[in-house]
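Assemble the complex: chain A is given as a structure, and chain B must be docked to it using the hints.
Below, each chain spelled out in residue letters.
Protein chains: 2
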Amino acid sequence: MASLSSFLLLLILLFAITLASSAASVKTYFPGIFQSSLKKNDKNLKPKIPYETHYFPQNLDHFTFQPKSYKIFYQKYLLNSQYWQKGAPIFVYTGNEGDIDWFAANTGFLLDIAPKFHALLVFIEHRFYGESKPFGKNSYKSAKTLGYLNSQQALADFAVLIRSLKQNLSSETSPVVVFGGSYGGMLAAWFRLKYPHTAIGALASSAPILQFDGITPWSSFYDAVSQDFKDASLNCYEVINSSWTELESISKEGLAELSRDFRACKKVSSIYSARDWLWEAFVYTAMMNYPTESNFMKPLPAYPVKEMCKIIDESSPGASKLSRVFEAASLYYNYSQAEKCFELEDETDDHGLSGWNWQACTEMVMPMTVSNKSMFPPSSFSYKEFADDCMKNYGVRPRQHWITTEFGGKNIEQVLKRFGSNIIFSNGLQDPWSRGSVLKNISGSLVALVAEKGAHHTDLRPATGKDPDWLIEQRKQEVEIIHKWISDYYLDMKQE
Amino acid sequence: MASLSSFLLLLILLFAITLASSAASVKTYFPGIFQSSLKKNDKNLKPKIPYETHYFPQNLDHFTFQPKSYKIFYQKYLLNSQYWQKGAPIFVYTGNEGDIDWFAANTGFLLDIAPKFHALLVFIEHRFYGESKPFGKNSYKSAKTLGYLNSQQALADFAVLIRSLKQNLSSETSPVVVFGGSYGGMLAAWFRLKYPHTAIGALASSAPILQFDGITPWSSFYDAVSQDFKDASLNCYEVINSSWTELESISKEGLAELSRDFRACKKVSSIYSARDWLWEAFVYTAMMNYPTESNFMKPLPAYPVKEMCKIIDESSPGASKLSRVFEAASLYYNYSQAEKCFELEDETDDHGLSGWNWQACTEMVMPMTVSNKSMFPPSSFSYKEFADDCMKNYGVRPRQHWITTEFGGKNIEQVLKRFGSNIIFSNGLQDPWSRGSVLKNISGSLVALVAEKGAHHTDLRPATGKDPDWLIEQRKQEVEIIHKWISDYYLDMKQE
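Taken in order, these protein sequences are the chains called A and B.
Note that UniProt numbering has the first sequence beginning at 1, numbered continuously upward.
Note that UniProt numbering has the second sequence beginning at 1, numbered continuously upward.
Chain A on its own, in the form it takes in the complex:
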């Protein structure tokens, strides 16, 4: 089995998946699952949201001063001022790797707390995503254009935009708090660290800033996904774990039957399509293991891992393992019961969201392996092969140590114990990304809020009537801490 998938590499952040899959020959295919998921759920991309859309003229390159560095592109941002009073706080969502409307629709927490703070809400789209493409349709053409897509340029964009916005609103003394989830959470934490003069604090939810450079073991992500399933049901975990052998025993002649069994819209060309399709379902269901019904990647019931395992555990004992995991995965792909068949091999990118593949191949190097504690087929990671693939695809090599050189992460507790302040690292332990996040308090004002039953930035989702007590409590703590940052700020301002 190892020989078949030894170069399988999964890099999944919020949802952006870079799949370097392989059969006998090492074939890296970009992109992966993110795009196809979204495609089937278009309505998520254009949600009705209570925000005004604006566009800010942004500099292409903040860190060089060549004539072309001054090229202007239009960065999209969303505003809600219905609760705001001049001088009151500004809450900024530091957008991540996708359309900002989508993040705004799934970050109801900000709207929920805005009235209490009389806060202005601003959601800033990350450069090269959504509508904020510096070179329009040519933005992803090559490294020459993509070269400007990275986290440091994005942070500088945020700083420039916020400064200008405050000036235009004549509200320069308004305290700014930044919020973000997943990669957006990493950006929020880094923004507070690098631009303390712009943001007085950051809520960094599910932000795996320690997923780099070997700080967190490479196997942790898939170990965590597997642990979620094991915790739900040992039998479920074992069925999934042994289903891969069944799948891999299918010969080329068996693909027609596999396609029928998996209700594929079109006959699949490889068993690896089925493998990746299942894989995606388990990973995203673990990440979205929310305590209430949700519709982020796809519609899902409350605690969907438990529901998936129920399907496996309650299926007829005579059924094959593969058919049982297929039924479980169908919960992810078809909870709404709307799908007549499944697109197992849909790799088109209709939404221009594949920028994450570029980021993963340059700065965001987060090696992942699958250990034998996991329920996935074992897989190793070769930096050399990864780098060669990036070179082949983009013409540049990754900068393996860059993120920790630029943002730190190693010995973070020692480094930040006496430096920095006002960051909340919130995490849910159901979320496999939590293993690469800050889970312990670093100092009195660099704090970790950890919810045992939480998933991928559960706290940022809109409140519902069905939220469990622990979630209500987590959000309450966040509001109290943010409230203290703001009070301190106004107090310090009076004393000047």
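Be careful, since some hints might not be right.
[As the list claims (entries may be wrong)] In silico EDC-like pairs for lysine to aspartate or glutamate, Cα to Cα no more than 16 Å straight-line: (1) A:Lys321 <-> A:Glu413; (2) B:Lys466 <-> B:Glu248; (3) B:Lys144 <-> A:Asp61; (4) B:Lys417 <-> A:Asp492; (5) A:Lys144 <-> B:Asp61; (6) B:Lys410 <-> A:Glu172; (7) B:Lys267 <-> B:Asp213; (8) A:Lys453 <-> A:Asp313; (9) A:Lys453 <-> A:Asp467; (10) A:Lys68 <-> B:Glu452; (11) A:Lys410 <-> B:Glu257; (12) B:Lys410 <-> A:Asp492; (13) A:Lys410 <-> B:Asp231; (14) B:Lys116 <-> B:Glu480; (15) A:Lys453 <-> A:Glu293; (16) B:Lys310 <-> B:Glu327; (17) B:Lys68 <-> A:Asp61; (18) B:Lys417 <-> A:Asp488; (19) B:Lys494 <-> A:Glu343; (20) B:Lys321 <-> B:Glu248; (21) A:Lys230 <-> A:Asp313; (22) B:Lys440 <-> B:Asp469; (23) A:Lys417 <-> B:Asp488; (24) A:Lys267 <-> A:Glu343; (25) A:Lys373 <-> A:Asp231; (26) B:Lys86 <-> B:Asp213; (27) A:Lys494 <-> B:Asp261; (28) A:Lys417 <-> B:Asp492; (29) B:Lys306 <-> B:Asp231; (30) B:Lys321 <-> B:Glu253; (31) B:Lys440 <-> B:Glu452; (32) B:Lys267 <-> B:Glu257.
[Unchecked claim] FRET-style restraints, in silico, Cβ to Cβ: (33) A:Ser81 <-> B:Ala463: 47 to 55 Å; (34) B:Ser170 <-> A:Lys440: 45 to 53 Å; (35) B:Lys340 <-> A:Gln167: 38 to 46 Å.
[Unchecked claim] Covered stretches of chain A (in silico footprint by chain B; criterion: 3 or more residues with CB under 8 Å from a CB of chain B, positions within the stretch not fixed): (36) 157-171; (37) 397-405; (38) 420-432.
No lab work stands behind these hints, which were simulated from the structure alone.
All values reported here derive from a predicted model rather than from experimental measurement.
A virtual CB, placed ideally from N, CA and C, is assigned to each residue, including glycine.
Showing chain B alone in chain A's frame:
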């Protein structure tokens, strides 16, 4: 007088002078005084120093990922390991706008304290200066090459080089403290703020990080120079102040006589050459108003401002004001008595140090005016004209607000009161740059050490047997504070 010099703009940092001089027509000339000063004092450039020279393969552009961003250039750095023990501290000088040998020779403080700390000393040359030119002789050709010369790239260079050096020395746990004077001091302070994971603390000497964006009044620099002379002697100040009228009354026909009076090697073509020559002498003498004999820009006696004023005060009462200020300026240009005549119009750039003009025209926008409190001819500042000149010279416009957007500075006390740690801002009040520096403690570990009689980074100079008590005391405090940072670091490490 205002009409003659209304567009005079002086940007002087450590010593890099950008002189946008003007007569009736607005003529901006780059560069200015820095180069000519150095040229006459070549031996300063190649001092004998107890350092080994090394070259580090550095990335051209840390903040984009285009194929050409990966171009390697060789960054010079100096090492002294004679006092070092593995695991002991590493003291890094964050090089500024010139040849690193020269800074090393004039930063004896590090050599003086190295034995006490068993410290490794590293002096890193700033990109585009000295031998560290990414495009060799073509480095200053145009904005296309110069575009990569800026402070953020320089800071990233330091971070990358330090990381690699520690790894190569197998001394990754060594605490790093950064030191710098003037622009190098700004870089040291900013490095601690932006790369706390790389440096545990910074000694930022004479670092005018508040000289931007109107935080410090534009007239402060020349007011401070003038105050130095006024404090030495009111008569001296008044003679200098009224000498400019005499100079400006000289007609074209009088230039031959002026050249003779000023002992010019070649007849001067404009009275403005004489004006700038005098101007330079007063400015640099105020900056180098050291308590002991020194030889930084040029050889000077102890407390040279007082000596200059003595010359003016003691000259024959019948002499013209212009001849008296000429004699005073000669102290600066000819303390060693070696000059037979003076090169008043030497603008050649033999040392490739003119990069500061570029930095001043892009990011380092520090407007200066001359007020009527000053002893210099009044002068205003027009941002538009300045920007137009930059456009004309380099093809790019300055980013007026960039430094404060990227590094902060506004309301610094409020911003850093609850953020950051371990920076000493040391200053001498004789230094005109001190007005744009941090002169008050911000918090328990962001502290200001202010010496009333100190000049431009006096504390970083090598100790001499004649150092006054206040200087000995200032350095002692610095050593104690740095010692505490290091002890805390080792203590925290043990507790991990």
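Against the earlier hints, flag every one the structure doesn't satisfy and list their numbers going up.
1, 2, 7, 8, 10, 11, 13, 19, 22, 26, 27, 30, 33, 34 and 35
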